[in-house]
Amino acid sequence: MSHDTLVYLAKTLGPIWMMGFFIIVAIRAYNPKRRAEQERIARSILPDQSGEDPQ
Amino acid sequence: MTPAGTLSRNERQIAFGLSVALSVLGFGMAAFAGKGVMAVHGAMALILGLFLVFRVGGRLYEGAPGIERHDRYFDGPTRFGVMMTLVWAIFAMGIGVWVSALLYWPEGTPALPWTSFGRLRPVHTTGIIFGFGGNALIATSFYVLQRTARTRLADAISPWFVLIGFNLFCLWAVSGYLMGSTQSKEYAEAEWYADLWLVVVWVVYFTVYIRTLARRHEPHIYVANWYYMAFILVVAMLHIVNNLAIPVRWNGADSFTIWAGVQDAMIQWWYGHNAVAFFLTSGFLGMLYYYLPVRSGRPIWSYRLSILSFWGIVFFYIWVGSHHLHYTALPYWVQTLGMTFSVMLLVPSWASAGNAIATLNGAWHKVRDDATLRFMFVAAVFYGLSTFEGSFLAIRPVNSLSHYTDWTVGHVHSGTLGWVAMIIFGAIYTMVPQLSGRETMAWPRAIEWHFWLAVGGTLVYVVSMWNAGITQGLMWRAYDLNGALSYSFVESVQAMAPYYLIRTIGGGMFLTGAIVCALNCYATFRSAPYMAEPRDVPLRPTPAE
Numbered sequence: 001m002s003h004d005t006l007v008y009l010a011k012t013l014g015p016i017w018m019m020g021f022f023i024i025v026a027i028r029a030y031n032p033k034r035r036a037e038q039e040r041i042a043r044s045i046l047p048d049q050s051g052e053d054p055q
Numbered sequence: 001m002t003p004a005g006t007l008s009r010n011e012r013q014i015a016f017g018l019s020v021a022l023s024v025l026g027f028g029m030a031a032f033a034g035k036g037v038m039a040v041h042g043a044m045a046l047i048l049g050l051f052l053v054f055r056v057g058g059r060l061y062e063g064a065p066g067i068e069r070h071d072r073y074f075d076g077p078t079r080f081g082v083m084m085t086l087v088w089a090i091f092a093m094g095i096g097v098w099v100s101a102l103l104y105w106p107e108g109t110p111a112l113p114w115t116s117f118g119r120l121r122p123v124h125t126t127g128i129i130f131g132f133g134g135n136a137l138i139a140t141s142f143y144v145l146q147r148t149a150r151t152r153l154a155d156a157i158s159p160w161f162v163l164i165g166f167n168l169f170c171l172w173a174v175s176g177y178l179m180g181s182t183q184s185k186e187y188a189e190a191e192w193y194a195d196l197w198l199v200v201v202w203v204v205y206f207t208v209y210i211r212t213l214a215r216r217h218e219p220h221i222y223v224a225n226w227y228y229m230a231f232i233l234v235v236a237m238l239h240i241v242n243n244l245a246i247p248v249r250w251n252g253a254d255s256f257t258i259w260a261g262v263q264d265a266m267i268q269w270w271y272g273h274n275a276v277a278f279f280l281t282s283g284f285l286g287m288l289y290y291y292l293p294v295r296s297g298r299p300i301w302s303y304r305l306s307i308l309s310f311w312g313i314v315f316f317y318i319w320v321g322s323h324h325l326h327y328t329a330l331p332y333w334v335q336t337l338g339m340t341f342s343v344m345l346l347v348p349s350w351a352s353a354g355n356a357i358a359t360l361n362g363a364w365h366k367v368r369d370d371a372t373l374r375f376m377f378v379a380a381v382f383y384g385l386s387t388f389e390g391s392f393l394a395i396r397p398v399n400s401l402s403h404y405t406d407w408t409v410g411h412v413h414s415g416t417l418g419w420v421a422m423i424i425f426g427a428i429y430t431m432v433p434q435l436s437g438r439e440t441m442a443w444p445r446a447i448e449w450h451f452w453l454a455v456g457g458t459l460v461y462v463v464s465m466w467n468a469g470i471t472q473g474l475m476w477r478a479y480d481l482n483g484a485l486s487y488s489f490v491e492s493v494q495a496m497a498p499y500y501l502i503r504t505i506g507g508g509m510f511l512t513g514a515i516v517c518a519l520n521c522y523a524t525f526r527s528a529p530y531m532a533e534p535r536d537v538p539l540r541p542t543p544a545e
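Chain order of the listed sequences is A and B. Those letters in the first sequence? Residues 1 to 55, by full-length UniProt numbering. Those letters in the second sequence? Residues 1 to 545, by full-length UniProt numbering.
A few of these clues could be false.
[Claimed, not checked] Simulated pairs of lysine to any residue, SDA-like, Cα-Cα distance not exceeding 20 Å:
(1) Lys-33(A) with Ser-44(A)
(2) Lys-33(A) with Ile-221(B)
(3) Lys-11(A) with Trp-319(B)
[Said to hold, decoys possible] The following label-pair restraints were derived from C-beta to C-beta distances:
(4) Pro-529(B) with Asn-31(A): 40 to 50 Å
(5) Ala-10(A) with Glu-439(B): 35 to 45 Å
(6) Val-199(B) with Pro-15(A): 27 to 37 Å
[Claimed, not checked] Here are a few chain B residues that sit away from chain A, every Cβ distance over 10 Å (derived from the structure):
(7) Phe-32
(8) Glu-218
(9) Ala-224
(10) Leu-305
(11) Leu-401
If you are wondering where the hints come from, they were derived from the structure by calculation, not from laboratory data. Each residue gets a CB set at the ideal place from its N, CA and C atoms; glycine is no exception.
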């Protein structure tokens, strides 16, 4: 592989990989359908607000 | 009850077998090496193995604990880990204060090889990063893992193996440096057999973590566990690749790295900066995401942001190591890559720091009244400050002023004292009463003393090093009208004297606080029987009605 090809690949695929990864994570994390579940998880570690019987 | 008393008969037999195996391994190493560092290390393993043989063997046939032990979390290893954290803190911070004093009074160095700065410096860094930080990470990870998964650790032997094995690695490392043995890789100075031993320990650690997660009673894996797992997994990868070496001979400590030239430098700093990222940041963010909400009684401000910043930190950090090699033989574009990712890293870092601070909104009265929560708040603030500083220092022209100066030392200590140590102390003060079946520490007022000693010590240390570093950097690049250097190197060293003295005082304050913490923890553990009545228990599967 020539140096120019390598640079071309790095400059095209690199940003696509990085931005693609970011978009996938952002969509998964910020999907409104997950909001209630995330609220529950965030509270699950608090002793008196777990929403479940400790036994 | 003793630690061995919490094991079943079968588990004690396994522990006994492992202790015998360690003794044989140590004896074999000592006999095979015959003399030198490796022989001493073999003897150390032999002594530890024999100690464990007697410790476990003496209780081999004592009454086994009842089945009800499965109704409580397995916190014996965590308790031991907390104690080792504090032992290493006092030892390694003590060495740090001593060597910093020697920089002010160099004539005070005794005429003994093992007391030279070059040998004591890695004892300080290894003792702090691995001894203090590593024990805290392992101890809290077992605690957090069980509480967030609402289940007991998958087995009772592996956690002990991990903690005892890890501490043996730390002991081998620092005793080797004192004897003049080093791989000459910063933060990876331990010799080849110690590195292999750590791989075994780490594989067991990761396995017990995954096995426990597989048994969880929570459908979701709480985000703190993601950070802890990133820590375990990536540290294994970094450790193995950077420490690939060929021993000079099988019965000696010396070895040669397989990497050569600039590749060696790149691999070393890929490791070195990711030691900061995955040893000194990722696991500690796991701590922050668990202990801060628990202590403040408020859920994390944005759970979704914690996920986004997790992937941001993991993705960006792995590329930044080359910013340690600006203006070197490393290709220019690789330096630029490291610089660019370092600047981008500020986004997920500040997202984490901001998320932690926003969590405290509505709980500021607790921050005011509770020194433990204040430790965590200060940790989040210093995390934000030192990550900003890190991104800034990675920029090439800034680095041309800061590199090789004490600014770097100041930056590292704003991270380790202000962020890492503060979150450890916050976690310890939350955990130790819980482990002792108490509401509070034995001496609640002492936490307040410790807090102000720690904050004061950190500020004195960091501000003096900022001044020292910028002064050095400016003196080194000052030219007179003829184009000659304005100052000799020795003049720049002499100008450091007041800063080095102030830095020693700051370090001494921080050490004093750590001693107060250790005494407080000792008093708290002493006040309760071993394995006191638990204040929280795992979920137990109940039969369907």
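We went through each hint and held it up to the structure:
no.: 1; hint: Lys-33(A) with Ser-44(A); verdict: 18 Å, holds
no.: 2; hint: Lys-33(A) with Ile-221(B); verdict: 18 Å, holds
no.: 3; hint: Lys-11(A) with Trp-319(B); verdict: 16 Å, holds
no.: 4; hint: Pro-529(B) with Asn-31(A): 40 to 50 Å; verdict: 49 Å, holds
no.: 5; hint: Ala-10(A) with Glu-439(B): 35 to 45 Å; verdict: 58 Å, violated
no.: 6; hint: Val-199(B) with Pro-15(A): 27 to 37 Å; verdict: 36 Å, holds
no.: 7; hint: Phe-32; verdict: 47 Å, holds
no.: 8; hint: Glu-218; verdict: 6 Å, violated
no.: 9; hint: Ala-224; verdict: 8 Å, violated
no.: 10; hint: Leu-305; verdict: 8 Å, violated
no.: 11; hint: Leu-401; verdict: 30 Å, holds
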